[in-house]
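Visitor: Okay, here's what each chain looks like letter by letter:
2 protein chains.
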Amino acid sequence: MKINNGMKILIVGLGLMGGSYAMALKKKGYFVSAITRSRSSVDFALKKGIIDKGSDEVIPETVNSADVVIFALYPHVFMEWIENYQQYFKPGAIITDVTGVKGAVVYKIQKILRKDVEFISSHPMAGREVYGVKNADDSIFKKANFIVVPTGKNTESAVEFCKSLGTELGFWKITALSPEAHDEMIAFLSQLTHCIAVALMNSSDNPNLSDYTGDSFRDLTRIAKINEDMWSELFLLNKEALLKEMDVFLAKMVKLRNFLALEDAEGMKEMMRISTLRREKFDN
Amino acid sequence: MKINNGMKILIVGLGLMGGSYAMALKKKGYFVSAITRSRSSVDFALKKGIIDKGSDEVIPETVNSADVVIFALYPHVFMEWIENYQQYFKPGAIITDVTGVKGAVVYKIQKILRKDVEFISSHPMAGREVYGVKNADDSIFKKANFIVVPTGKNTESAVEFCKSLGTELGFWKITALSPEAHDEMIAFLSQLTHCIAVALMNSSDNPNLSDYTGDSFRDLTRIAKINEDMWSELFLLNKEALLKEMDVFLAKMVKLRNFLALEDAEGMKEMMRISTLRREKFDN
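Protein sequences appear in the order of chains G and S.
Counting in numbering that gives the first Met the number 0, the first sequence runs from 0 upward without gaps.
Counting in numbering that gives the first Met the number 0, the second sequence runs from 0 upward without gaps.
Heads up, some of the hints might be wrong.
Which copy? The list can't say, so a pair holds if one copy fits it or any two copies do.
Cross-link-like lysine-lysine pairs, in silico, BS3-like; alpha carbons within 25 Å at most [as the list claims (entries may be wrong)]:
| no. | residue 1 | residue 2 |
| --- | --- | --- |
| 1 | LYS46 | LYS26 |
| 2 | LYS141 | LYS254 |
| 3 | LYS46 | LYS152 |
| 4 | LYS224 | LYS268 |
| 5 | LYS224 | LYS26 |
| 6 | LYS268 | LYS141 |
| 7 | LYS254 | LYS224 |
| 8 | LYS280 | LYS224 |
Worth flagging that the hints you see were computed from the coordinates, not collected in a lab.
Because the structure is a prediction, the values reported are computed rather than measured.
In isolation and in its complexed conformation, chain G is listed as follows:
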């Protein structure tokens, strides 16, 4: 089953990501409603035509009329929402999310969820260093990856549906990973890079750095502007995988440091050759 225009969409949580989803789906002709905590976000989205209908309260009829419900909330808020309001879901509804960690979330949700609705998890690997529906921008999906994250409880049909959602949103590449493979990958590719950017910005309090900064430092630290509540929650929910990646990276940094301390040019060069070869694959 693929997503189609006859399906009514509900987005829960109208921040940057929820707002960008709404924008993309509305442009494709879907009926999009939203539930979010902030009244001003609802008003803004209605005024800009990003949604058809919105509320800052959980209205049972709104939930019950949705064929597809997309959650764009902090992980713990998402889990609480399901516990408190899942009785309102339309029988047969499909639920998905945008949560950045999967193992600690997906199995719990699937365990407590009603059996007549299906939760198929997904992760849009897109973002900006700004927040809120006011910064919603569906062009961020164009060059981005969309990962569907099924478990043994999911049907083929729901996986196919979720992939078609990624396509409809305009993502560049659609793939599928298990929750465990997803979390390991995200620990390395996303969480570790955010840790590095944070640690790097904590390494100097020189207020004049930007006078001398080149592009490489700017690029590397773009993600150092970080939502501390969301990311600390995501890190803790993926603690073991992230610790493992941090330790591997730390060991490689120490290795390079020691080559330098020992003036072992060949050792440094070998690491640089590996780095160059691996990075070249990303440009294809």
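Place chain S on chain G using the hints.
Guide: For chain S alone, coordinates are given in the frame of chain G:
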């Protein structure tokens, strides 16, 4: 004294940086000649009109006719060149360079240099992850910083001259730093970031990473494609400053790692708040 169109320019080393300098200065109407090892680089630059005159050998008359000589060579090649050919400089010529480290280079050059020419060092903080005059592109200077690096041996007039060269090349911001302050700054802003990118790419041999990569990882590792001969030389020439910055960064990474291991959310958040505040200054 400012640079002016009547001055003849000689560029020694026609790679990406030398070629981009030539391109910028030729567009401004200067007579630009070049000396470089590779015949094909000379031929390419002549054919494309990036230089007026070029040679793959050191021709005494070419050196002797230049009012301004710009060195775009590896540090050790630069120092050897001065030792071998400085007798050909025109009396009163001004010499500058593009070398990425200063303390280990500038004092040595100034010590051995003839007293009737002046070496005023500078560092264009621009670059690309490609090499050679075939990739020369003077647009890389537009948003970049140009740092003049005088010592006590330099005249006011040469500092003014070098700043005007940066302006003429089209740099965004022109500043001045001592060799020591330059090397400390470059250790943190440029060399450490390259070390991080190299260590990160060495941390995973998963060939499928690019299927899932988001922008943040791409941005952070852009500089992981690295010229191992040049960068290992630059690292060794700035060993003490770079080791210091690597150790500070490693300590901050370990601090963040331990907050995570101890599930100290507040500790992580505090580092993220500092990171966000400091990074915001770069966007102004």
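Visitor: Indicate, hint by hint, whether the structure satisfies it.
Guide: Hints, one by one, checked against the model:
1. In this homomeric assembly, LYS46 and LYS26 come within 25 Å of each other (Cα to Cα) only inside a single copy, at 15 Å, whereas the closest approach across copies is 50 Å.
2. Proximity of LYS141 and LYS254 under a CA criterion of 25 Å is satisfied in neither setting, with 38 Å inside one chain copy and 36 Å between copies.
3. In the homo-oligomer, the alpha carbons of LYS46 and LYS152 never lie at most 25 Å apart, since the shortest distance is 40 Å inside one protomer and 65 Å across protomers.
4. Taking the closest pair of Cα atoms, LYS224 and LYS268 come within 25 Å of each other only across two copies (12 Å); inside a single copy the shortest separation is 32 Å, beyond that limit.
5. In this assembly of identical chains, the alpha carbons of LYS224 and LYS26 never lie at most 25 Å apart, being 30 Å within a copy and 39 Å across copies at closest.
6. In the homo-oligomer, the alpha carbons of LYS268 and LYS141 never lie at most 25 Å apart, since the shortest distance is 36 Å inside one protomer and 31 Å across protomers.
7. Only between protomers do LYS254 and LYS224 lie at most 25 Å apart by alpha-carbon distance; the minimum there is 19 Å, versus 29 Å within a single protomer.
8. In this assembly of identical chains, LYS280 and LYS224 lie within 25 Å of each other by CA distance solely across copies; the values are 10 Å between and 28 Å within a copy.
Checked against the numbered hints listed earlier, the structure breaks hints 2, 3, 5, 6; every other hint is satisfied.
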